[in-house]
Amino acid sequence: MLSDLFQTVNSVVSGGERYLSATRGGFEIEQTYRAYRNRASDLSPLEQRKLLAQTHHQGARKLTQLFHDNGAIWVKFGQFLSSRSDILPMQYVMELEKLQDDAKPVSFSSIERVLRREWGSQWRQQFQSFDEQPVAAASVAQVHRAVLATGEAVAVKVQLPHARKLFNQDSLVFRALGTVGAPLISQFDLKQVTDQIIDMTLQELDFLSEEANLRKFRALPHDSLIYVPTMYEQLSTSRVLVTEWIDGLRLTDYLNRNPQRAEGLLRQLLSCYVQQITQFGVYHADPHPGNFLVMADGRVAVLDYGAIGELTPEETQHYATLLQVLFGKLHTDQPLGQLFRKAGFVARDQAVFEEVADLVLKENLRNHEATDILGIALDRMRNLKVRIPDSFVSLARVVLTFGGLLKTYRIAVD
1 MLSDLFQTVN
11 SVVSGGERYL
21 SATRGGFEIE
31 QTYRAYRNRA
41 SDLSPLEQRK
51 LLAQTHHQGA
61 RKLTQLFHDN
71 GAIWVKFGQF
81 LSSRSDILPM
91 QYVMELEKLQ
101 DDAKPVSFSS
111 IERVLRREWG
121 SQWRQQFQSF
131 DEQPVAAASV
141 AQVHRAVLAT
151 GEAVAVKVQL
161 PHARKLFNQD
171 SLVFRALGTV
181 GAPLISQFDL
191 KQVTDQIIDM
201 TLQELDFLSE
211 EANLRKFRAL
221 PHDSLIYVPT
231 MYEQLSTSRV
241 LVTEWIDGLR
251 LTDYLNRNPQ
261 RAEGLLRQLL
271 SCYVQQITQF
281 GVYHADPHPG
291 NFLVMADGRV
301 AVLDYGAIGE
311 LTPEETQHYA
321 TLLQVLFGKL
331 HTDQPLGQLF
341 RKAGFVARDQ
351 AVFEEVADLV
361 LKENLRNHEA
371 TDILGIALDR
381 MRNLKVRIPD
391 SFVSLARVVL
401 TFGGLLKTYR
411 IAVD
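Number 224 in the working numbering belongs to position 224 of the sequence shown; there are no gaps in the numbering.
Because the hints were derived from the structure by calculation, they are not lab data. Any given hint could turn out to be false.
[Stated by the list, open to error] Cross-link-like lysine-lysine pairs, in silico, DSS-like; alpha carbons within 27 Å at most:
| id | residue 1 | residue 2 |
| --- | --- | --- |
| 1 | K50 | K407 |
| 2 | K329 | K62 |
| 3 | K342 | K329 |
| 4 | K98 | K191 |
| 5 | K62 | K98 |
| 6 | K104 | K165 |
| 7 | K407 | K362 |
[Unchecked claim] Computed spacing ranges between beta-carbons, pair by pair:
| id | residue 1 | residue 2 | range |
| --- | --- | --- | --- |
| 8 | K329 | L225 | 49 to 59 Å |
| 9 | A219 | D69 | 38 to 48 Å |
| 10 | Q31 | D69 | 28 to 38 Å |
| 11 | G26 | R49 | 21 to 31 Å |
| 12 | V147 | R299 | 16 to 26 Å |
| 13 | L384 | T332 | 43 to 53 Å |
| 14 | R215 | N258 | 27 to 37 Å |
| 15 | D247 | D390 | 34 to 44 Å |
| 16 | E28 | N256 | 43 to 53 Å |
Glycine is no exception: its CB is placed at the ideal position from the N, C-alpha and C atoms.
I would like the entire structure built from these sequences, with the hints used as guidance.
Given below as structure tokens:
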């Protein structure tokens, strides 16, 4: 018991270094905006807009650097924010997007120690070649290209040596930040989001869990757009995952090179994810752009299965109905408040649901986009202290992530 207490205290102290870094960074960003406010009153409206854009850019660079330097969970949170163009200035979205594939790699000598522990000292005999330079580095792992002794090109995902230690340190600090910061942010439930990011990162630290997720996801009857990589189970362990090598362009790079395809591809991709949620009850829960590669034949390879969402049959049914009603695609005789209650939403006063129902109706009549209506409804319910099921928050985050991505490319969501 004392050892557990000591370990917890040690984690808080160690993670506190990154907490202090975050505090300093937040103060610097606040000072940047204070300087803007002090100057803005003496400027014309056009000059104010230019200065505000510069200030956003400075703040975005500071925030992105902070997340990048702190790593692990901080990077995950930055990736979440990078997909929320509905709540953040575009300068922040563009800077934070760099976190999708811009984590700090570790030396190969550190990676090789992991490979030796997992595969033994003769691990190289299983490969014709193994590229020691990583092709990608993420918050908890990095990926190396290799060719098996049998000739197949593979992607070898290796957990960073200190990933679990950093997670143990930062999770306590991050939960505290989520609790303290929640009252200051109205656009989303910060505490619920930080809790989910922590839980998602914990899942991603167990590669055997990711292996099971990939198998489960691959077995689903996906739309022809979706491609799920083949896995090499005999080489995979709790800290190493081996899948087939996929040649392709990162989604945002592809869309920037082929803007004429953006609307059709993103709408189809969103439709695939809605199908996962409303029909399969199993969905890829981390759809940031860095997890998609567009292949030469136009299919989209979905990467990183550290986190998938799973719904019970009842949740799948209730959430599918609720989303269709919220999006104005289904008319039912049941009051919307009753649908919320059936879906597990809890409020002290049941009249709250009727208030939300009236709001949704008004927003539909104003022809707001579907994801906007979902976000507006969630925001109102949080303000009214409605307890929203974690499983719904998780799937809503997926839908809103796509909504933010479509807004980035100025595509309406119907």
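Hints and how they fare:
1. K50 / K407: 22 Å, holds
2. K329 / K62: 42 Å, violated
3. K342 / K329: 19 Å, holds
4. K98 / K191: 24 Å, holds
5. K62 / K98: 13 Å, holds
6. K104 / K165: Holds, at about 16 Å.
7. K407 / K362: 22 Å, holds
8. K329 / L225: 49 to 59 Å: 21 Å, violated
9. A219 / D69: 38 to 48 Å: 40 Å, holds
10. Q31 / D69: 28 to 38 Å: 19 Å Cβ-Cβ, so the 28 to 38 Å window is violated.
11. G26 / R49: 21 to 31 Å: Given range 21 to 31 Å: holds, Cβ gap about 25 Å.
12. V147 / R299: 16 to 26 Å: For V147 and R299 the Cβ distance comes to about 23 Å; the hint holds.
13. L384 / T332: 43 to 53 Å: Since L384 and T332 have Cβ atoms about 22 Å apart, the given range 43 to 53 Å is violated.
14. R215 / N258: 27 to 37 Å: 32 Å, holds
15. D247 / D390: 34 to 44 Å: The hinted range 34 to 44 Å holds for D247 and D390, with Cβ atoms some 37 Å apart.
16. E28 / N256: 43 to 53 Å: 31 Å, violated
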